[in-house]
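All chains should be built: construct the whole structure from the sequences, respecting the hints.
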Amino acid sequence: MEAPSQFEAPAFTSSTMRDEQLPLTILIVEDEWAVREVVAMYFEDMGWRVVAVPSGEQAVDTLARDAAIDVVFTDIRLGGRVSGWDVAVAARRADRMMPVIYASGRSSSSSTRRVAGSVFFDKPYQPADIKHACRRMLDTGRLSAAAARRA
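Once you know that position 51 of the sequence shown is 51 in UniProt numbering, the rest is easy, because the numbers rise by one and skip nothing.
Honestly, the hints are just simulated from the structure, not real lab data. Keep in mind it's a predicted model, so treat the numbers as computed, not measured. One thing to keep in mind: the hints can contain errors.
[Said to hold, decoys possible] Straight-line C-alpha distance at most 25 Å; calculated SDA-like pairs for lysine to any residue:
#1 K123 / T25
#2 K123 / A90
#3 K123 / R65
#4 K123 / R92
#5 K123 / E37
#6 K123 / V60
#7 K123 / G79
#8 K123 / A34
#9 K123 / W48
#10 K123 / D86
#11 K123 / E32
#12 K123 / A133
#13 K123 / G105
#14 K123 / M41
#15 K123 / G80
#16 K123 / R135
#17 K123 / W33
#18 K123 / R77
#19 K123 / A40
#20 K123 / V89
#21 K123 / Q58
#22 K123 / S83
#23 K123 / R36
#24 K123 / V82
#25 K123 / V50
#26 K123 / E44
#27 K123 / S104
#28 K123 / D31
#29 K123 / L138
#30 K123 / V51
#31 K123 / A67
#32 K123 / R49
[What the hints assert, rightly or not] With beta-carbon atoms standing in for the labels, derived distance ranges:
#33 E37 / R93: 27 to 33 Å
#34 D61 / E37: 19 to 25 Å
#35 R135 / M41: 14 to 20 Å
#36 R93 / A34: 28 to 34 Å
#37 R81 / W33: 15 to 21 Å
#38 W33 / A128: 19 to 25 Å
#39 R65 / M97: 31 to 37 Å
Beta carbons are placed, not taken as given, at the ideal position from N, Cα and C, and that holds for glycine.
Written out as C-alpha coordinates, the structure reads:
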(Lines of atoms letter the chains of each structure in order from A; the text may use other names.)
(Lines give C-alpha, C1' and ligand atoms only; values in the text may rest on other atoms or scores of the structure.)
Protein backbone atom coordinates (compact mmCIF):
# COMPACT_ATOMS: atom_id res chain seq x y z
CA MET A 1 0.00 0.00 0.00
CA GLU A 2 1.40 3.40 -0.94
CA ALA A 3 1.36 6.41 1.35
CA PRO A 4 -1.35 8.97 0.57
CA SER A 5 -0.34 11.72 -1.85
CA GLN A 6 -0.60 14.38 0.86
CA PHE A 7 2.28 12.72 2.70
CA GLU A 8 5.81 12.74 1.35
CA ALA A 9 7.89 9.66 2.11
CA PRO A 10 10.90 10.62 4.21
CA ALA A 11 14.28 10.97 2.55
CA PHE A 12 16.58 9.69 5.27
CA THR A 13 18.84 6.86 6.30
CA SER A 14 17.63 5.73 9.69
CA SER A 15 21.12 4.89 10.91
CA THR A 16 22.23 8.48 10.31
CA MET A 17 19.14 9.89 11.99
CA ARG A 18 19.31 7.76 15.15
CA ASP A 19 18.55 9.87 18.20
CA GLU A 20 21.35 9.38 20.69
CA GLN A 21 19.86 11.73 23.26
CA LEU A 22 17.26 10.89 25.87
CA PRO A 23 14.96 8.23 24.38
CA LEU A 24 11.43 9.55 24.28
CA THR A 25 7.97 8.06 24.03
CA ILE A 26 5.80 9.60 21.34
CA LEU A 27 2.05 9.10 21.00
CA ILE A 28 1.16 9.25 17.31
CA VAL A 29 -2.53 9.86 16.59
CA GLU A 30 -3.28 9.47 12.89
CA ASP A 31 -6.35 7.93 11.28
CA GLU A 32 -4.63 7.28 7.93
CA TRP A 33 -2.96 3.88 8.26
CA ALA A 34 -0.11 4.46 5.79
CA VAL A 35 0.84 7.82 7.30
CA ARG A 36 0.71 6.42 10.84
CA GLU A 37 2.93 3.47 9.88
CA VAL A 38 5.58 5.57 8.11
CA VAL A 39 5.84 8.07 10.96
CA ALA A 40 5.91 5.28 13.57
CA MET A 41 8.69 3.44 11.71
CA TYR A 42 10.71 6.64 11.48
CA PHE A 43 10.65 7.19 15.24
CA GLU A 44 11.18 3.51 16.05
CA ASP A 45 14.26 3.49 13.81
CA MET A 46 15.64 6.34 15.92
CA GLY A 47 15.17 4.33 19.09
CA TRP A 48 12.09 6.12 20.39
CA ARG A 49 9.25 4.20 22.01
CA VAL A 50 6.19 4.62 19.80
CA VAL A 51 2.55 4.31 20.76
CA ALA A 52 0.50 4.72 17.56
CA VAL A 53 -3.29 4.84 17.58
CA PRO A 54 -5.86 5.47 14.82
CA SER A 55 -8.40 7.54 16.75
CA GLY A 56 -8.79 10.35 19.20
CA GLU A 57 -10.77 8.09 21.50
CA GLN A 58 -7.88 5.62 21.72
CA ALA A 59 -5.42 8.48 22.26
CA VAL A 60 -7.41 9.84 25.21
CA ASP A 61 -7.57 6.32 26.72
CA THR A 62 -3.82 5.90 26.22
CA LEU A 63 -3.05 9.24 27.86
CA ALA A 64 -5.22 8.30 30.84
CA ARG A 65 -3.35 5.07 31.48
CA ASP A 66 0.22 5.60 30.15
CA ALA A 67 2.13 8.11 32.26
CA ALA A 68 5.28 7.56 30.19
CA ILE A 69 4.13 9.58 27.14
CA ASP A 70 6.60 12.42 26.47
CA VAL A 71 5.26 13.98 23.26
CA VAL A 72 1.90 13.89 21.47
CA PHE A 73 1.81 14.14 17.68
CA THR A 74 -1.75 14.28 16.39
CA ASP A 75 -3.64 14.89 13.21
CA ILE A 76 -6.36 17.46 13.83
CA ARG A 77 -9.14 15.94 11.75
CA LEU A 78 -9.63 12.41 13.01
CA GLY A 79 -12.51 10.06 12.33
CA GLY A 80 -14.88 9.79 15.28
CA ARG A 81 -16.05 12.27 17.87
CA VAL A 82 -12.66 13.12 19.39
CA SER A 83 -10.51 15.54 17.37
CA GLY A 84 -6.81 16.29 17.62
CA TRP A 85 -7.75 19.40 19.60
CA ASP A 86 -9.52 17.17 22.13
CA VAL A 87 -6.45 14.91 22.29
CA ALA A 88 -4.29 17.95 23.10
CA VAL A 89 -6.63 19.00 25.90
CA ALA A 90 -6.48 15.46 27.34
CA ALA A 91 -2.68 15.50 27.07
CA ARG A 92 -2.47 18.75 28.99
CA ARG A 93 -4.85 17.41 31.62
CA ALA A 94 -2.53 14.44 32.06
CA ASP A 95 0.56 16.67 32.11
CA ARG A 96 0.42 20.45 31.77
CA MET A 97 3.90 20.56 30.17
CA MET A 98 3.21 17.85 27.57
CA PRO A 99 4.59 18.94 24.18
CA VAL A 100 1.86 18.74 21.53
CA ILE A 101 2.48 18.76 17.79
CA TYR A 102 -0.44 19.05 15.35
CA ALA A 103 -0.70 18.24 11.66
CA SER A 104 -3.48 18.88 9.19
CA GLY A 105 -4.09 18.77 5.48
CA ARG A 106 -6.26 21.84 5.86
CA SER A 107 -4.15 24.91 6.56
CA SER A 108 -7.22 26.72 7.91
CA SER A 109 -7.07 24.34 10.88
CA SER A 110 -3.91 26.03 12.15
CA SER A 111 -5.66 29.32 12.79
CA THR A 112 -8.85 28.09 14.43
CA ARG A 113 -7.50 26.67 17.68
CA ARG A 114 -4.19 26.11 19.35
CA VAL A 115 -2.98 24.83 22.69
CA ALA A 116 -0.25 27.02 24.20
CA GLY A 117 3.25 25.65 23.69
CA SER A 118 2.26 23.57 20.67
CA VAL A 119 3.60 23.37 17.11
CA PHE A 120 1.54 23.08 13.91
CA PHE A 121 2.53 21.42 10.60
CA ASP A 122 0.65 21.53 7.31
CA LYS A 123 0.52 18.29 5.37
CA PRO A 124 2.56 17.20 3.59
CA TYR A 125 5.37 17.18 6.12
CA GLN A 126 8.53 15.17 6.61
CA PRO A 127 8.85 12.95 9.70
CA ALA A 128 12.26 14.57 10.30
CA ASP A 129 10.44 17.90 10.75
CA ILE A 130 8.37 16.35 13.54
CA LYS A 131 11.51 15.00 15.21
CA HIS A 132 13.18 18.41 15.06
CA ALA A 133 10.07 20.07 16.51
CA CYS A 134 10.11 17.56 19.38
CA ARG A 135 13.77 18.33 20.03
CA ARG A 136 13.22 22.12 19.90
CA MET A 137 10.36 21.89 22.37
CA LEU A 138 12.38 19.71 24.73
CA ASP A 139 15.54 21.81 24.34
CA THR A 140 13.63 24.94 25.33
CA GLY A 141 12.50 23.33 28.57
CA ARG A 142 9.12 22.04 27.46
CA LEU A 143 9.51 18.63 29.12
CA SER A 144 6.69 16.30 29.98
CA ALA A 145 6.77 15.05 33.55
CA ALA A 146 7.87 11.62 32.29
CA ALA A 147 10.84 13.06 30.36
CA ALA A 148 11.82 15.31 33.27
CA ARG A 149 11.94 12.29 35.60
CA ARG A 150 14.32 10.49 33.22
CA ALA A 151 16.52 13.53 32.44
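Checked hints:
no. : hint                   : in the structure
1   : K123 / T25             : holds, 23 Å
2   : K123 / A90             : holds, 23 Å
3   : K123 / R65             : violated, 30 Å
4   : K123 / R92             : holds, 24 Å
5   : K123 / E37             : holds, 16 Å
6   : K123 / V60             : holds, 23 Å
7   : K123 / G79             : holds, 17 Å
8   : K123 / A34             : holds, 14 Å
9   : K123 / W48             : holds, 23 Å
10  : K123 / D86             : holds, 20 Å
11  : K123 / E32             : holds, 12 Å
12  : K123 / A133            : holds, 15 Å
13  : K123 / G105            : holds, 5 Å
14  : K123 / M41             : holds, 18 Å
15  : K123 / G80             : holds, 20 Å
16  : K123 / R135            : holds, 20 Å
17  : K123 / W33             : holds, 15 Å
18  : K123 / R77             : holds, 12 Å
19  : K123 / A40             : holds, 16 Å
20  : K123 / V89             : holds, 22 Å
21  : K123 / Q58             : holds, 22 Å
22  : K123 / S83             : holds, 17 Å
23  : K123 / R36             : holds, 13 Å
24  : K123 / V82             : holds, 20 Å
25  : K123 / V50             : holds, 21 Å
26  : K123 / E44             : holds, 21 Å
27  : K123 / S104            : holds, 6 Å
28  : K123 / D31             : holds, 14 Å
29  : K123 / L138            : holds, 23 Å
30  : K123 / V51             : holds, 21 Å
31  : K123 / A67             : violated, 29 Å
32  : K123 / R49             : holds, 23 Å
33  : E37 / R93: 27 to 33 Å  : holds, 28 Å
34  : D61 / E37: 19 to 25 Å  : holds, 20 Å
35  : R135 / M41: 14 to 20 Å : holds, 19 Å
36  : R93 / A34: 28 to 34 Å  : holds, 30 Å
37  : R81 / W33: 15 to 21 Å  : holds, 20 Å
38  : W33 / A128: 19 to 25 Å : holds, 21 Å
39  : R65 / M97: 31 to 37 Å  : violated, 19 Å
In this structure, the hints that do not hold are numbers 3, 31, 39, in rising order.
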